[in-house]
Amino acid sequence: MQQDHLLTAKQLSRSDIEAVLERAAEFDDDPEAARDLHAGELLALCFFEPSTRTKMSFETAAKRLGAGVVDMGSVDDSSVKKGESLADTVRVVEGYADGLVLRHPKQGAAKLASERVDVPVVNAGDGAGHHPSQTLLDLYTIREHAGLEDLSIGIVGDLKYGRTVHSLAHALTNFGARQHFVSPESLQLPRSVRYDLHEAGAQVREHEDLEAVLPNLDVLYVTRIQRERFPDDDEYEAVAGEYRVTPELLDEHAKDDLSVMHPLPRVDEIAPEIDDTEYATYFEQAHNGVPVRMALLDSLL
Amino acid sequence: MQQDHLLTAKQLSRSDIEAVLERAAEFDDDPEAARDLHAGELLALCFFEPSTRTKMSFETAAKRLGAGVVDMGSVDDSSVKKGESLADTVRVVEGYADGLVLRHPKQGAAKLASERVDVPVVNAGDGAGHHPSQTLLDLYTIREHAGLEDLSIGIVGDLKYGRTVHSLAHALTNFGARQHFVSPESLQLPRSVRYDLHEAGAQVREHEDLEAVLPNLDVLYVTRIQRERFPDDDEYEAVAGEYRVTPELLDEHAKDDLSVMHPLPRVDEIAPEIDDTEYATYFEQAHNGVPVRMALLDSLL
Amino acid sequence: MQQDHLLTAKQLSRSDIEAVLERAAEFDDDPEAARDLHAGELLALCFFEPSTRTKMSFETAAKRLGAGVVDMGSVDDSSVKKGESLADTVRVVEGYADGLVLRHPKQGAAKLASERVDVPVVNAGDGAGHHPSQTLLDLYTIREHAGLEDLSIGIVGDLKYGRTVHSLAHALTNFGARQHFVSPESLQLPRSVRYDLHEAGAQVREHEDLEAVLPNLDVLYVTRIQRERFPDDDEYEAVAGEYRVTPELLDEHAKDDLSVMHPLPRVDEIAPEIDDTEYATYFEQAHNGVPVRMALLDSLL
Numbered sequence: 377m378q379q380d381h382l383l384t385a386k387q388l389s390r391s392d393i394e395a396v397l398e399r400a401a402e403f404d405d406d407p408e409a410a411r412d413l414h415a416g417e418l419l420a421l422c423f424f425e426p427s428t429r430t431k432m433s434f435e436t437a438a439k440r441l442g443a444g445v446v447d448m449g450s451v452d453d454s455s456v457k458k459g460e461s462l463a464d465t466v467r468v469v470e471g472y473a474d475g476l477v478l479r480h481p482k483q484g485a486a487k488l489a490s491e492r493v494d495v496p497v498v499n500a501g502d503g504a505g506h507h508p509s510q511t512l513l514d515l516y517t518i519r520e521h522a523g524l525e526d527l528s529i530g531i532v533g534d535l536k537y538g539r540t541v542h543s544l545a546h547a548l549t550n551f552g553a554r555q556h557f558v559s560p561e562s563l564q565l566p567r568s569v570r571y572d573l574h575e576a577g578a579q580v581r582e583h584e585d586l587e588a589v590l591p592n593l594d595v596l597y598v599t600r601i602q603r604e605r606f607p608d609d610d611e612y613e614a615v616a617g618e619y620r621v622t623p624e625l626l627d628e629h630a631k632d633d634l635s636v637m638h639p640l641p642r643v644d645e646i647a648p649e650i651d652d653t654e655y656a657t658y659f660e661q662a663h664n665g666v667p668v669r670m671a672l673l674d675s676l677l
Numbered sequence: 377m378q379q380d381h382l383l384t385a386k387q388l389s390r391s392d393i394e395a396v397l398e399r400a401a402e403f404d405d406d407p408e409a410a411r412d413l414h415a416g417e418l419l420a421l422c423f424f425e426p427s428t429r430t431k432m433s434f435e436t437a438a439k440r441l442g443a444g445v446v447d448m449g450s451v452d453d454s455s456v457k458k459g460e461s462l463a464d465t466v467r468v469v470e471g472y473a474d475g476l477v478l479r480h481p482k483q484g485a486a487k488l489a490s491e492r493v494d495v496p497v498v499n500a501g502d503g504a505g506h507h508p509s510q511t512l513l514d515l516y517t518i519r520e521h522a523g524l525e526d527l528s529i530g531i532v533g534d535l536k537y538g539r540t541v542h543s544l545a546h547a548l549t550n551f552g553a554r555q556h557f558v559s560p561e562s563l564q565l566p567r568s569v570r571y572d573l574h575e576a577g578a579q580v581r582e583h584e585d586l587e588a589v590l591p592n593l594d595v596l597y598v599t600r601i602q603r604e605r606f607p608d609d610d611e612y613e614a615v616a617g618e619y620r621v622t623p624e625l626l627d628e629h630a631k632d633d634l635s636v637m638h639p640l641p642r643v644d645e646i647a648p649e650i651d652d653t654e655y656a657t658y659f660e661q662a663h664n665g666v667p668v669r670m671a672l673l674d675s676l677l
Numbered sequence: 377m378q379q380d381h382l383l384t385a386k387q388l389s390r391s392d393i394e395a396v397l398e399r400a401a402e403f404d405d406d407p408e409a410a411r412d413l414h415a416g417e418l419l420a421l422c423f424f425e426p427s428t429r430t431k432m433s434f435e436t437a438a439k440r441l442g443a444g445v446v447d448m449g450s451v452d453d454s455s456v457k458k459g460e461s462l463a464d465t466v467r468v469v470e471g472y473a474d475g476l477v478l479r480h481p482k483q484g485a486a487k488l489a490s491e492r493v494d495v496p497v498v499n500a501g502d503g504a505g506h507h508p509s510q511t512l513l514d515l516y517t518i519r520e521h522a523g524l525e526d527l528s529i530g531i532v533g534d535l536k537y538g539r540t541v542h543s544l545a546h547a548l549t550n551f552g553a554r555q556h557f558v559s560p561e562s563l564q565l566p567r568s569v570r571y572d573l574h575e576a577g578a579q580v581r582e583h584e585d586l587e588a589v590l591p592n593l594d595v596l597y598v599t600r601i602q603r604e605r606f607p608d609d610d611e612y613e614a615v616a617g618e619y620r621v622t623p624e625l626l627d628e629h630a631k632d633d634l635s636v637m638h639p640l641p642r643v644d645e646i647a648p649e650i651d652d653t654e655y656a657t658y659f660e661q662a663h664n665g666v667p668v669r670m671a672l673l674d675s676l677l
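Chains as they are written, first to last, in my numbering: chain A, 377 to 677; chain B, 377 to 677; chain C, 377 to 677.
FYI, nobody ran anything at the bench for these hints, they're computed from the structure.
Treat the hints with caution; some may be incorrect.
[What the hints assert, rightly or not] Derived DMTMM-like pairs: lysine to aspartate or glutamate, alpha-carbon spacing no greater than 20 Å straight-line:
| no. | chain 1 | residue 1 | chain 2 | residue 2 |
| --- | --- | --- | --- | --- |
| 1 | C | K487 | B | D651 |
| 2 | A | K487 | C | D652 |
| 3 | C | K536 | C | E460 |
| 4 | B | K536 | B | E584 |
| 5 | A | K631 | A | E587 |
| 6 | B | K487 | A | E613 |
| 7 | A | K487 | A | D380 |
| 8 | C | K536 | C | D608 |
| 9 | A | K487 | C | D651 |
| 10 | C | K631 | C | E520 |
| 11 | C | K482 | C | E460 |
| 12 | B | K536 | B | E491 |
| 13 | C | K482 | C | E425 |
| 14 | A | K487 | A | E587 |
| 15 | C | K536 | C | D652 |
| 16 | A | K536 | A | D651 |
| 17 | B | K487 | A | D652 |
| 18 | C | K487 | B | D652 |
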């Protein structure tokens, strides 16, 4: 990457993405080679909202590179409670570290931070905005399993609110993937995202029926349908039931080498019986966060 | 140890225990020798309920071995709140680390985790279940002070609910110790534990009067009597007062070289005046957590 | 320093202070030289009340020296909740680390801790008591900008409750600084502090009008006026408005090379427009916490 910060997956060209994935693969193959690459450097973790998984993954990535971390701790404990602005907080924290990983409930927070500090900023999620390292680890996982060329992917679940999905869909347009979006009508892609994908030249189809589209897919990317999106519990149960991924569904309709992915945590979108089948790629996907974030940090620090 | 996980002290044979204690003694004698033994390795700390002392002790042990740690943080901040199962959480976390220390409010949690992951799991307490590293540091402390051979130990306080005590009592049967259990009637050993000890060939006696048994003891292991166990505050005060360990009690009734132990934190079971006497072994006991956990981690990582 | 603990800035002679600042300047000039100075050592962070900034700064300092840290975590999670005394907690923690940084809501906590443990204790703030590392980083910042000799400093805001200010004022008497205290009448220096400074031979003047004193100052040290000190919100607004530092105020009344300092976090005592002017020294001041705490830890560990 020729950038100082990683704010959104959209800033990454196809060759930027390929460079990160390539580097991640090197770290995956030979973790030992990374061990002292960034010794003596420190990464600040500024999580203004909780995200155990993402935080641990960045922390692990930093430490696998030989760097240390300094954790801002939970917001309840921090100066933020005394009314300090985000700009002030990050300007103080930049004095403690060689780079800054930021998660914040407000969209645009990472961009604002990047304008205020002289160290690299990695956006680890800003509200309804972006979460580019998640997109990169998704791409890495797809690349390892189905390959990014000539890909047919189904993305199922909450397509309306799922920022993970929007970001991934956009990035996949770089590789000419055939994208099938599967959701109940009430959770379809927002118009703006559909327009955006269209502009980027994406090959998109939308469906309501999972079974029908399944036979064509190399990858099935499942997301959580949140109960709180539905005014009525019965309606939620009906919808969630329809999109639940079970061994029977896959054995009957999917290709043998289908990879099932999920950004996790899952609740019951994927039956646990799938965990130990060849379809299950979601734990590996989570683990891929480490080499991918190592590659990111390596290019930015 | 020939095991992959440390789930309960019961899984350890006498020679397993002796190997750990021996190794701990080596680390105690020469801390510098350990410094880079596990450099480049990472230990995940998954504490689903708070335990400052145990967590700091494991963290210190890992770092004294040159390893790093990745902390899951408090449960309030974690994916668990989003409804994720323990099995999912640990399968994700195993991707971040070379070993996993788990504390969880539910009995059996560590066992379940160990069945799901490919890295070593150390049980750091699972509800009313086990806490084997506490037992090992207790044994180490006894060994350093009174020796494990021909030992006469008194265990006083809450024998009904104290998992620490049940585990220690069981482990001591390996060494043929004479065990005296001292408690008010309402807090006596549960029948199942008594049976269990009997089956293991333990030499057990039960008492209500501390003074009477004190002269025979090499070690007095004190535990906390919790106020909330008593329906009535006056009753609690009466009982707690009767088992409070004071300098007068010890000077009058104990051997000069009696070692007083306590798993800590204490409230007022042991008078602070004892802290600076030769009897007090409880702070050293706490400190022994470090070399003992170093030995454990060294054998598992 | 010829001391084992750092409890209060008052314990430091002029030459002690100069030694720390000199060492801090060395670390500032050549951070790499520090990198393995304290490798293999561990510092325990015991923060009994939250203080993100101070904690991150100590953690960074320790890690920049090659040492590790072990964090007690938040008090909600700790044994303190089970009723353990501070003395017991620190006696346990000393077994985990080579030094102890303590923050506690009660005045005198650090002193008490230092009497109970055999490792160095650094007071990182004890209620209305002391916070000596803040004073040292303030002095370091003044030294870098205006110099400590022949200094004219204005200290504005809440002089009644501001422990930072009392400690700094006292330390400055070592260097014969001319000190101007500027505050509304209700927030003037407490009598005891005024007496104390007088005894120490301080050159002190008190003012209510900021504009009038501004032209003479080399440094303006701004502190927060807390809303909750005022019975009435209107009164607060009036007072806070009168002492708000704005570009207009400075351009009209201050020397060109005035340095504006603030212990942070600020709310609106200093207009953000000042942040990118030459006056602004507060972020650098925060960053100076790292080399200064490195120097402290280096002398104590």
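Hint by hint, here is what the structure shows:
Our distance criterion of 20 Å between C-alpha atoms is met by K487/C and D651/B, whose separation comes to about 19 Å. Of the pairs offered as hints, the one joining K487/A and D652/C holds, with about 18 Å between alpha carbons and a cut-off of 20 Å not exceeded. For the proposed pair K536/C and E460/C, the alpha carbon gap of about 33 Å is over 20 Å, so the pair is violated. Restraint check for K536/B and E584/B: satisfied, since their Cα atoms lie roughly 14 Å apart, inside the 20 Å limit.
For the suggested pair K631/A and E587/A, the alpha carbons sit about 12 Å apart, so the restraint of at most 20 Å is met. In summary, the hint linking K487/B to E613/A is not supported, as the alpha carbons are separated by about 33 Å, beyond the 20 Å threshold. Between K487/A and D380/A the alpha-carbon distance is near 12 Å, which keeps this suggested pair within the 20 Å criterion. The straight-line distance between the Cα atoms of K536/C and D608/C is roughly 18 Å, inside the 20 Å bound, and the hint therefore holds.
With a CA separation close to 19 Å, the supplied pair K487/A and D651/C stays within the 20 Å bound. Proposed proximity of K631/C and E520/C is supported: the alpha carbons are some 17 Å apart, at most 20 Å. Of the supplied pair hints, the one linking K482/C and E460/C holds, its CA atoms being roughly 15 Å apart against a limit of 20 Å. A distance of roughly 30 Å separates the Cα atoms of K536/B and E491/B; the hinted pair therefore is violated under the 20 Å criterion.
Note on K482/C and E425/C: the hinted pairing holds, with a Cα-Cα distance of about 10 Å set against a maximum of 20 Å. Distance check on the hinted pair: K487/A and E587/A sit about 41 Å apart at the alpha-carbon level, beyond 20 Å; violated. Restraint check for K536/C and D652/C: the C-alpha separation of about 30 Å exceeds 20 Å, so the hint is violated. The hinted pair formed by K536/A and D651/A fails the criterion: a straight-line CA distance of about 27 Å is larger than 20 Å.
Of the pairs offered as hints, the one joining K487/B and D652/A holds, with about 18 Å between alpha carbons and a cut-off of 20 Å not exceeded. In summary, the hint linking K487/C to D652/B is supported, as the alpha carbons are separated by about 19 Å, within the 20 Å threshold.
Violated hints, listed in ascending order, are 3, 6, 12, 14, 15 and 16; each of the other numbered hints is respected by the structure.
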